[in-house]
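There are 4 protein chains.
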Amino acid sequence: MLRIAVLGCGRIGAMHAANIASHRRTQLAAVQDINIAAAEAVAAATGARIMHSAADIFSSADVDAVLIATATDTHADLLEQAVAAGKPVLCEKPIDLSLARVNRCAEVIRGTSIPIQIGFVRRFDPGHKAVYDAVRAGEIGELHQVIITSRDPGLAPQAYLKVSGGILRDMTIHDFDMARFILGEEPTSVLAVGSRLVAPMLMESLGDHDTITVVMTTASGKQAIITNSREAAYGYDQRVEAFGSKGMAISKNRRPNHMSLSGKGFSDRAAPLLHFFIERYQEAFSAEIDAFVEAVEANRPAVVGFEDGRQALVLAEAAIRSMSEGRAIKVSEIS
Amino acid sequence: MLRIAVLGCGRIGAMHAANIASHRRTQLAAVQDINIAAAEAVAAATGARIMHSAADIFSSADVDAVLIATATDTHADLLEQAVAAGKPVLCEKPIDLSLARVNRCAEVIRGTSIPIQIGFVRRFDPGHKAVYDAVRAGEIGELHQVIITSRDPGLAPQAYLKVSGGILRDMTIHDFDMARFILGEEPTSVLAVGSRLVAPMLMESLGDHDTITVVMTTASGKQAIITNSREAAYGYDQRVEAFGSKGMAISKNRRPNHMSLSGKGFSDRAAPLLHFFIERYQEAFSAEIDAFVEAVEANRPAVVGFEDGRQALVLAEAAIRSMSEGRAIKVSEIS
Amino acid sequence: MLRIAVLGCGRIGAMHAANIASHRRTQLAAVQDINIAAAEAVAAATGARIMHSAADIFSSADVDAVLIATATDTHADLLEQAVAAGKPVLCEKPIDLSLARVNRCAEVIRGTSIPIQIGFVRRFDPGHKAVYDAVRAGEIGELHQVIITSRDPGLAPQAYLKVSGGILRDMTIHDFDMARFILGEEPTSVLAVGSRLVAPMLMESLGDHDTITVVMTTASGKQAIITNSREAAYGYDQRVEAFGSKGMAISKNRRPNHMSLSGKGFSDRAAPLLHFFIERYQEAFSAEIDAFVEAVEANRPAVVGFEDGRQALVLAEAAIRSMSEGRAIKVSEIS
Amino acid sequence: MLRIAVLGCGRIGAMHAANIASHRRTQLAAVQDINIAAAEAVAAATGARIMHSAADIFSSADVDAVLIATATDTHADLLEQAVAAGKPVLCEKPIDLSLARVNRCAEVIRGTSIPIQIGFVRRFDPGHKAVYDAVRAGEIGELHQVIITSRDPGLAPQAYLKVSGGILRDMTIHDFDMARFILGEEPTSVLAVGSRLVAPMLMESLGDHDTITVVMTTASGKQAIITNSREAAYGYDQRVEAFGSKGMAISKNRRPNHMSLSGKGFSDRAAPLLHFFIERYQEAFSAEIDAFVEAVEANRPAVVGFEDGRQALVLAEAAIRSMSEGRAIKVSEIS
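Protein chains in written order, with the working numbering: chain A, 931 to 1265; chain B, 931 to 1265; chain C, 931 to 1265; chain D, 931 to 1265.
Hints are computed from structural coordinates only; laboratory data are not their basis.
Misleading hints may appear alongside valid ones.
It does not matter which identical chain is meant; a pair holds if it fits inside one copy or across any two.
[Claimed, not checked] Using 20 Å as the maximum straight-line C-alpha spacing, the simulated DMTMM-like pairs for lysine to aspartate or glutamate come out as follows:
#, residue 1, residue 2
1, K1023, E1213
2, K1182, D1063
3, K1260, E1037
4, K1059, E1263
5, K1176, E1237
6, K1260, E1247
7, K1059, E970
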């Protein structure tokens, strides 16, 4: 049993703590949060002990590995400390909102053999993974286009949006990673357009957008298209389509049940989509832990590591520049 | 071009007339109805000439074949006259409501080589036909169960119901034929239950039922299950499922368009099913004409002939007796 | 936390034990099996202690409730002992293969207020439950027909089949309960037909059938149709359809992922259905525990209790008699 | 009955001629082609008379209107002649491959009240039209994104590709019109990327692309995304999705039948998509004729007119320039 401590007991930290506590291959070694009440709530729910600082956790002999689910601006520091302490680390995305900071972090940890996994949980979704597997197995032939739809069920709170780093770094970051995952090649050129349609005035005040499209191409001409919206009335819209010379694979949306209703004036009406990431990616969050355990136990690199986190941010930066300059940005322009 | 005359210009006759008029392999030679206004309306819409009696049609050198779409109680007489006149005939179902009359008709036409086709149009539906083809091609292995759902969008007018012969002879007759078509074997035993749920008082007064289930078995143990209702709020529910040792084939419902809508509280809502048989079986009605033309031109038996019409009625009689006696009826008990 | 002991550590007992161990409202108090190795395997996987007899469990102050997952022929005895010991009990279906034994058990426990829940887990499936909810909420109007498809992915081992009590008591028993659940009325008449198509010689030797259809009607004329097969090449086929005056609700099949593939000659091909009950009814097994905990904590009758278990067996007996006599059996004939 | 003459008896002209001949509101007045054999084949199939020149047709008192289905480079000339002759005209897309020529044509016909309809047939597809209707009826609230997928089943012959004007003018032209149709606003900015993945060497030699993505935005920020491929192994992939503040509407793909097959290792496999435009847009081609008849009979502008044809070409030109310059092109830059 891998003894994992969770740093950060907000919504996603609490979920990870519960998953680790009930996972057959892990123990929840400890939880920690600067908000003591949050840590206590998670401790009460899971029976885990509370440790009062990250430093205590990193120095504890009873902690085999750590999961970082704190505020984004602490990720890089904690990740560096974890590596220094020799603790394998599963770090929530993004590593940092600043590419410069991520690059410095890369310098600090350069050469480490400590497993570092970044929380791109969607790679572990059974449907998205099945698209990946179909592509890799050649079931659609040569890959031509990847089309990713990702729409949140509702606008995040304004307080969160202010510190989110903007839709491209915060939300699209998952889709940049998904595109790289399915493409199996690095995008070399990025185009993006952004609109303010969900909450125009708020977005204007934040200098942010709520509706975006990104088009990326690789050196061989493969295309990846991402569409995002901050609000979808019918639930959390999460689809991945891969199109190739021999066919198409699509990972479809999921619902809380498989009941459909037909009545006067309509047929086959289904429940709205699973509301949000904790429900939608439930199996994926568990499989993400599995993958981390396997990397740690085998002492080998995580299947989705630090450089994946960095590359997704590079693509976000390219998209941000494209949106502002109205032109295709070469990824090599970003550093 | 096969010159076909249509006898009977009610709803289904008018449809057949229009189909024959626009069909690339047929001409509408004439139309006839004892209701002159009905004949005139069809003549006006199609440009066909009116003939004033069935006898005129049967004796006309300009008529190659006839389609009988008159009232059910005239089918057998007209069919006999058509055969006597040497005119190939496509006769709407049922041949007659009385098995005795059908049996006498069988005697009268015994030995004829004139092509006679019975209007079991559903055999020509692309989806149902694809199930048949999959079964015959062995795609589901050995056939075990056939499950047929057939629900009308709404109750027929009382005047029609009174002369319909009851749900089993009028509506289920199509499903008896579909079961035989898919099974590829004759049912030997029939069980049926009937309920009065759509219009209890009316059904009571008619001695009829509006909701029925029939279960048939063949000598080898294959099962066919039919469920019928006289009213389905969401449209004309028409499904055929075949289950076998290697898989399952299902012919699904059809809608007027393929648009689906998702919104607050629901997802993937589709249009109601195509309303009724003229819309739902549009391609089938055209393919039925094709099959008739082919049989006539090749002077060979129709793919769905007189004996098919008779056997469906035998099954209806067995079901009626089962419903009344509460026991499995052997088909050999019916004659 | 409700402390539940599990009696019986076979496949289903092991699954229940794991569920109880990881359930947020329960503790796995102990496990027991006459096969010590089985008990030890479950104890090792869950960390639970082993108790060496049912008697020890019933007398233990550290056990709040018991789950009976032993061989069917021990269910009734253990259930009686649990009630005598004042331990709430969740008992796997069927209570016994003999209606006489079940009736004696009913006498023994008559008047008890100890919560007794029978393991008709499918009532807790999100999809089937959503059909139930739609019916109860009037979304399909007055209920007319319930159509249940239940096909196992593959034939059970011959050793199991020999002691299973036959397909109607062993497999259809779930569907009898589902029919009663959705109908909301007791069936009064039962018709059944059985065939030997999956494994004809084996079924002949066992005096059993592998392919069955059951049709039941209630006093008000509602109909329930069940089709079963012991083998479905494409996975565990589990569907429930309810049809009424205002519409239709259907609980569709489930797959391990939502990916579909299109290629040369086909489109939209999905994964096979979830293989078997442990995967297919995963959420339901967890929700079943929830319901049991709620009944015990509130000290009120379970939502699916002893009499539900008995009535399902009564319907099985009626179906067995119908199959043998080829006639509709009134449920009142069975006792 | 509107008497329509068809100019051009290639594949699409032959189809139009057959549709007009069997349409209940039209007569096929004449057919014409410089390839006499082609005209004769269509005449034989439809019974129409052949006229030997466009001039004969334009001057004939027996011709009420004309349908232009000749080679693209003759469209504009014939359209001008038709208008000069006072004949309403339904002209296949594109009006011309040269925007300059289209602009000159616009000058020539300026001020005419003769109905001119451009053959953007997809507007009349029941599914795409249902998306349009849902958007206009406010069923998805404020429109945010339109996502159009259009993939041909297979690469057109090289001879055709050489004179096609390139994928954006030839194939995407339909999608530019669909985007304008659903958006209800003019795009003001266009981004495009193109790849050579289906037939890299051929495309290189033609200076063309086979895989493209176009992103357009309107002044209010609405986005339209088009993805195209010249080859899809599973058939003619035609989808339109509209996403808005209250929901999403999607027009799904169509198949020749609604049968699905489940077997060992898979479930719910459907037939490949309808192969190509004549089959896929069969109802739409008929509804297109309806709309033309209505415009002519009411002597009012066609629902999809000359300016729609011109605007689609403007967007194609903008996309071509964007692809070459790697930047967003303002539509106002094109003239």
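We went through each hint and held it up to the structure:
no.: 1; hint: K1023 x E1213; result: within (18 Å within a copy, 29 Å between copies)
no.: 2; hint: K1182 x D1063; result: within (15 Å within a copy, 25 Å between copies)
no.: 3; hint: K1260 x E1037; result: neither (24 Å within a copy, 42 Å between copies)
no.: 4; hint: K1059 x E1263; result: neither (31 Å within a copy, 44 Å between copies)
no.: 5; hint: K1176 x E1237; result: neither (31 Å within a copy, 38 Å between copies)
no.: 6; hint: K1260 x E1247; result: within (11 Å within a copy, 24 Å between copies)
no.: 7; hint: K1059 x E970; result: neither (35 Å within a copy, 36 Å between copies)
When each numbered hint is compared with the structure, violations occur for hints 3, 4, 5, 7.
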